[in-house]
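Residue strings, one per chain:
4 protein chains.
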Amino acid sequence: MSALLFKNGFASDNHSGIHPQILKSLTHVNISHTASYGVDPLSESLNAQLADLFGDDTEGFFVFNGTAANTLSLKTLLNTWNSALVADMSHLNVDECGAPEAIAGIKLIPVKTNSEGKLTVEALKKHMIRFGDQHFSQVGCLSITQPTELGTVYSIHEMQELRDFAKKYHLKLHMDGARLPNATEFLQINFKELRKSFPMDALSFGGTKNGLMGAELVLFWEDIYKRNFRYIRKQTMQLPSKTRFLATQFLTWLENDLYKDIAQHSHKMAVQLKQSLDNFSEVKVLYPVQSNAVFICFPKPWTNALKKSRFFYIWDPDLWSARLMTSFDTTQKDIEDFCKTIKTLSHSQKEVAP
Amino acid sequence: MSALLFKNGFASDNHSGIHPQILKSLTHVNISHTASYGVDPLSESLNAQLADLFGDDTEGFFVFNGTAANTLSLKTLLNTWNSALVADMSHLNVDECGAPEAIAGIKLIPVKTNSEGKLTVEALKKHMIRFGDQHFSQVGCLSITQPTELGTVYSIHEMQELRDFAKKYHLKLHMDGARLPNATEFLQINFKELRKSFPMDALSFGGTKNGLMGAELVLFWEDIYKRNFRYIRKQTMQLPSKTRFLATQFLTWLENDLYKDIAQHSHKMAVQLKQSLDNFSEVKVLYPVQSNAVFICFPKPWTNALKKSRFFYIWDPDLWSARLMTSFDTTQKDIEDFCKTIKTLSHSQKEVAP
Amino acid sequence: MSALLFKNGFASDNHSGIHPQILKSLTHVNISHTASYGVDPLSESLNAQLADLFGDDTEGFFVFNGTAANTLSLKTLLNTWNSALVADMSHLNVDECGAPEAIAGIKLIPVKTNSEGKLTVEALKKHMIRFGDQHFSQVGCLSITQPTELGTVYSIHEMQELRDFAKKYHLKLHMDGARLPNATEFLQINFKELRKSFPMDALSFGGTKNGLMGAELVLFWEDIYKRNFRYIRKQTMQLPSKTRFLATQFLTWLENDLYKDIAQHSHKMAVQLKQSLDNFSEVKVLYPVQSNAVFICFPKPWTNALKKSRFFYIWDPDLWSARLMTSFDTTQKDIEDFCKTIKTLSHSQKEVAP
Amino acid sequence: MSALLFKNGFASDNHSGIHPQILKSLTHVNISHTASYGVDPLSESLNAQLADLFGDDTEGFFVFNGTAANTLSLKTLLNTWNSALVADMSHLNVDECGAPEAIAGIKLIPVKTNSEGKLTVEALKKHMIRFGDQHFSQVGCLSITQPTELGTVYSIHEMQELRDFAKKYHLKLHMDGARLPNATEFLQINFKELRKSFPMDALSFGGTKNGLMGAELVLFWEDIYKRNFRYIRKQTMQLPSKTRFLATQFLTWLENDLYKDIAQHSHKMAVQLKQSLDNFSEVKVLYPVQSNAVFICFPKPWTNALKKSRFFYIWDPDLWSARLMTSFDTTQKDIEDFCKTIKTLSHSQKEVAP
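Protein chains in written order, with the numbering used here: chain D, 6 to 359; chain S, 6 to 359; chain H, 6 to 359; chain P, 6 to 359.
No lab work stands behind these hints, which were simulated from the structure alone.
There could be a bad hint or two in this list.
Given that identical chains are not distinguished, each listed pair holds provided it fits within a single copy or across any two copies.
[Unchecked claim] With a cut-off of at most 20 angstroms between alpha-carbon atoms, the simulated EDC-like pairs for lysine to aspartate or glutamate come out as follows:
id, residue 1, residue 2
1, Lys12, Glu166
2, Lys131, Asp321
3, Lys173, Asp266
4, Lys131, Asp100
5, Lys130, Asp93
6, Lys231, Glu64
7, Lys197, Asp334
8, Lys130, Asp323
Could you put together the complete structure from these sequences and hints?
Printed below as a string of structure tokens:
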């Protein structure tokens, strides 16, 4: 753990802290008393802002983390006798400790993804079975992660194909957008355009991995979901009290395009990292770098030295691949130092095995 | 709502903001990257601090709010076929939107409280029935709120009586300590002494209502609970990611006795408020003022004017009683202004109905 | 236990066996193969029969026991953030081991009953609070037991008052009719007339306590409930497979008014039992005998001798009251023998304490 | 549906009725009153019988159907943060409408089976990941179906391999034995020998598919499971009341080796059916016939005529394979008639396409 004490790294965008502007905004709103539980004036401003960005009927609800945003999205859209189609490697399937099953009571259908970590109509099609059969959990929702767990971004066309497929089978649509601005910036579209291609019933709109201290939103457009979600959220223990401090974080992030700046910076850093890593023959970048993640294969003996330089996590212990995440505060020095370390290792290795 | 825009009041200790020292601490730890999910160095320091205060085996776990602290305490201590004895007016029973039932799967037995809002052995006794009967949800836990919902404080003797009763029936003990330091300061005991009188299996140790931005702890002492809680918490969507920012709030609050200062100040303000209100014959203070709450009955026609002066909530619409809460930032001016308004009303009323 | 080995008694109408006609019907339909899971021809006939008795839109669904009928009725009518108003002594509240909470995820509001074990508008009224408040489980349903746990029967007027009350607050209506024909026969109404006075959204229509081997129905009239219940039932593990054997039991019971005969007989036996018991000054019959239950207070020292004569259960250990249940196979000899035993005890007691 | 009205077929062993001896036993025990809820003398005899067959510590608990037996087995063995390894085609995964997720709150890991529908160590191994990681539902149980969904039987050696694998990873063992005697008869072992090879923590021991009217048992050997299951069963709505009628079915089935006779007969019929079908070049038997199931591929145009002869279900609509189940009452005439129909079809087809 000692290597991790307050030092930049590529471990995760939640290892980074709070963006300075966002932190400052907490002080601005720390004045006197105001209403709690989402009826403070700042929470109301935020909803106006969300309507601006996502369209007129948008309503956002704070929840505390991504596990809640994803799990409660499904809980709101589905009955317990429904299942949701998810990527086999999705957070919902492998990183929520069974919350969708235990808390939403639903079944997940893990679907194989293609070489870029994306769901395809072809892979989904074979799960379209036994509709109307009471013995079988009824497929009721398609959930995609945008950008994907591999840092790739569904194109507009890919989203439209999934939308058309879902429509055909009357599936609800959910998007896990823990890092959504990374996708919209890569696609060069705004949120309204995103909704046109993929008209979600529920969106997990994450802040924590984008420079906030800790806050997520779930967005709905249909009245019935908005009405029910207030009770669902409270009952599932996700209603925050001093909401002004969550609202101000999101407001600051969304105002003056700060969210775009952060997405662009972290993408730029990821691309620079990839380009720097391309110089080393022993390092192989695995997927297109379309957001703030770079996945690499590298010689296993380098691991300790590399982690010491800038900490990161091993993604696949069989392939010995690593996930390198950039964030709002990643610097060129981080990249340079990391590559300097590689250079040493690469050099020594060449000497050992010429 | 407009009356509520950033103006001090007596509505709730979560209408107040963040204590300045605690807010400042966020900036101090906003440096570089560090581990998330509770393995950062600050979270580890906090556990050392908790062991100091509560005894050697103490381990604390962040959760996001009081609903979670209470509900997950019960979920950890009980099986789904157990019930918990709670005060009929307790948060668990009337303010969690059914979370204990829906999320912990347990049954609550609402027990009548005495004139000070406290559970008594006499009232609990009659619920000690049908042990071993598979048709009946088995009573498994006693949960008390300290201070109570009415702002009163269980005496050491009262806690000991409940402890002995619970022991006799092999009941687990839980304490909802959303405002715990208000009780320990009133009793002039420390947390270790508290545990001697009431050896809780789980404690909801609240921060949000005591000047933090938003953070609660659940404390356990038994290994099995500590082991299980890590998974229970994650699965119930309560695992925060950037934990350094929660840890620093609690650390700041617990260091240099800030938590005692806040409790003492808010109690002092409540006592002053009570004493000032005692001057008005139309206002009746209902319960002993032992923490930061003052409950009053007052003439219904005064309501709008009084709320405009300092906002508060009506507690019992039948009695037309109000709950006035003080907090770390309540000032003498708040009390004076409020009483000045009463004075006008009291005077005018006298003229109207001599 | 030895006293219980196959000897008539007053313990419960589920201590009795299967009515001979119903048992015989099992043999009649034990021919060859047929469809399972409720699409066999007998199950279809039963639904026609139910429509005849309860009105056109009636659809019945088998479940295995009363716990399921009651719990799943509420689960179908309510969201998890709803609560149901129930009698404090109702099966739902005290005899289902927390199933409504754990399986339906809802909260029960136990309501004090009047001296005949009935819910009244006056008692219900004070629970009509905090509608629209997300912190509070929203009251959504009124459930009554007909006949009540004390064997009394809500009059038509009483049912209408409860119906009007429920309508005012948009509450769904559920009836626990584990012994429903006992009530309709006492009131001399048919099931359609029952529905007019109390237009239930869901009815637990019990067979097991009325001479069947073991089968219950849940009846719905609204399409949405019928559609959802198929999945709810399967998922909550209540879908029987060889349904012809359940259908034939209900068909036989409902044909040729067998269900009325059974209700009338058991009521007649209860009345005779009450009249015989009235002869003993030491025995006090507690409530009006309106179905197949007689509740008595009697001298505690008699207990063993009386249980040996005809087994029964103590109802309230404080009052030392007993519940004596009659059933389709209760005979005059059962009553005579029981009273003979009392006579001996009564006589000997008189000698002991003249 | 009309084709299904009381005519033998190969649809499922729950399309058949009640074995005559078992039906007769209901009459034998339909005498007078006796205790309910599993404390009647017959239920107690059954437990003695089970101890004889399965070993000293065996305790059996009635539940109503296979969904309950399987789901509650897992619920009893696991915490909600555990997952269970199951065959991808297992009932638990695809035929319980999400009950394991919704009722037990656990996650299922669907594992690919080999060409005979069996789980193998190789396939299981890759799911042994992330132990101790709170973000990941912890693998806690291996559940196998014996015989499998494809009618094949795990050999003793195969069971031992799985047992050793499970032991290594501290996994609990569950067996779905809806048709268990078909497996033990094929393997020529008794239940104690079965337990030696595969020391289950919980066994779903089915009766309904083996000639009973409708009853299943869950067997446990550990005290903690037995203690907890009483409450789990009641709370999940699976406690039957007139248990003498379930006990007598199992007793009759287990006495005088009736269960072996039924298993042997249905296996013999399945083998004869397979051998008869082998005569037709257009029909392909897909898997080894080791219990009472024969899976075939056959020309799609034959479907209606074949179903009319003896009803059955299509298993895989892509392969156009069918599952033919035999049962205690399958006759040689059933096989002959079915093959006669095929002969006509086969002949006519030959003429059409010579």
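These are the hints, each one checked on the structure:
{"no.": "1", "hint": "Lys12 to Glu166", "in the structure": "neither (43 angstroms within a copy, 47 angstroms between copies)"}
{"no.": "2", "hint": "Lys131 to Asp321", "in the structure": "between (27 angstroms within a copy, 12 angstroms between copies)"}
{"no.": "3", "hint": "Lys173 to Asp266", "in the structure": "neither (37 angstroms within a copy, 51 angstroms between copies)"}
{"no.": "4", "hint": "Lys131 to Asp100", "in the structure": "between (25 angstroms within a copy, 17 angstroms between copies)"}
{"no.": "5", "hint": "Lys130 to Asp93", "in the structure": "both (15 angstroms within a copy, 17 angstroms between copies)"}
{"no.": "6", "hint": "Lys231 to Glu64", "in the structure": "within (7 angstroms within a copy, 32 angstroms between copies)"}
{"no.": "7", "hint": "Lys197 to Asp334", "in the structure": "neither (28 angstroms within a copy, 43 angstroms between copies)"}
{"no.": "8", "hint": "Lys130 to Asp323", "in the structure": "between (29 angstroms within a copy, 13 angstroms between copies)"}
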